[in-house]
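Generate the whole structure from the sequences, applying the supplied hints.
Sequence order for the protein chains is A and B.
Just so we're aligned: 144 in my numbering is position 144 of the first sequence, and the numbers increase by one with no gaps anywhere.
Just so we're aligned: 11 in my numbering is position 11 of the second sequence, and the numbers increase by one with no gaps anywhere.
Please keep in mind that the hints were generated in silico from the structure rather than gathered at the bench.
Glycine included, every Cβ here is placed at the ideal spot set by N, Cα and C.
Don't take each hint at face value.
Stated by the list, open to error - Straight line, CA to CA, 16 Å or less: simulated EDC-like cross-link-like pairs of lysine to aspartate or glutamate:
1. A:K122 - B:E76
2. A:K40 - A:E52
3. A:K40 - A:D70
4. B:K64 - A:D70
5. B:K64 - B:E15
6. B:K64 - A:D33
7. B:K64 - A:E89
8. B:K93 - B:E76
9. B:K64 - B:D12
10. A:K40 - A:E71
11. A:K40 - A:E89
12. A:K44 - A:D61
Unchecked claim - So the derived label-pair ranges between C-beta atoms look like this:
13. B:D32 - A:F163: 39 to 49 Å
14. B:P48 - A:D131: 33 to 43 Å
15. A:H96 - B:K27: 50 to 60 Å
16. B:G106 - A:S59: 43 to 53 Å
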Amino acid sequence: MSDAVSALQGRVATGDVTIADAGLQGMITLRCDLSAKSLKAACKTMGLAIPERGQISRSGDKALCWMSPDELLMLVPYADVAGSLASVEQGMKGQHYLAENVSDARALIHIDGPFARDVIAKLAPVDLHPDSFKPGMVRRTHLGQIAAAFWMRDDGAFELICFRSVAAYAFDLLAASAKAGPVSDVRAS
Amino acid sequence: MLILHCPYCGVDADETDLHAGGEAHLKRFGPDSGDEEFENYLFMRENPKGVHFERWRHAYGCGKWFLAARCTATLEVFGTYSAQTTEPPQDIKDAISAKRPGWAWGDLS
Ligand SMILES: [Zn+2]
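Written out as structure tokens, the structure reads:
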């Protein structure tokens, strides 16, 4: 078997807001009727609850992101993907669904620091005011020229996913935004 | 800049997150229909100055199509609603009537 490597191979841009490759992350795209009882049961065996619309539900090192009315993204440790897929397949047997390992098709980037909100707000057409965007929310949108999705952790740091082929663009864009400082500084300069 | 509320995600999506899909509520006629009906379906559009109904896709978001009622002259948005409907729901029509009394669009009013 080949050695898996993340697209950004551990790149880090250190600063007041640090942009860092999160390394290998297991990701499974799940498409089905999200109200299906069997889906709920299959996720429960992994300790995960079906997220509300626009939310992420977490449990330890696993999570479920709401992506659309019939799509979830399951986050699990990279080494656990095969096992998690098997659990889903067993739980959903006989039903119309799709579960696919997309771990190597994506990149996961961490944005951590005091003005992490500003770093993303400058790049995506999303209201990131603390009253509007809160921890636990997931947003699919675009970052500069590329499709991306992000959510906020309870500690205020952001996690962002994009397609593997554009990971370097996303990283450079975030690093430039972080380097330029918070929005108030940009306005003043 | 146009901002539309995606009825599926429940978020306000910027125009750059969306893809325009032309006029809403087009009716395609089935077998035994005439050339004129097919021509109307393919080519004839309302193109109004004022109240309009359009298809939009939340391309960078959930990827779903939805419908929007808005004013082409002022960009005012009256509301957005599910694409799984053949005509605007009553609350959308009421919202338009409150702002544009006497409006008409195709067979709708
Ligand atoms: Zn949407």
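Hint check against the structure, violated hint numbers in rising order: 1, 7 and 15
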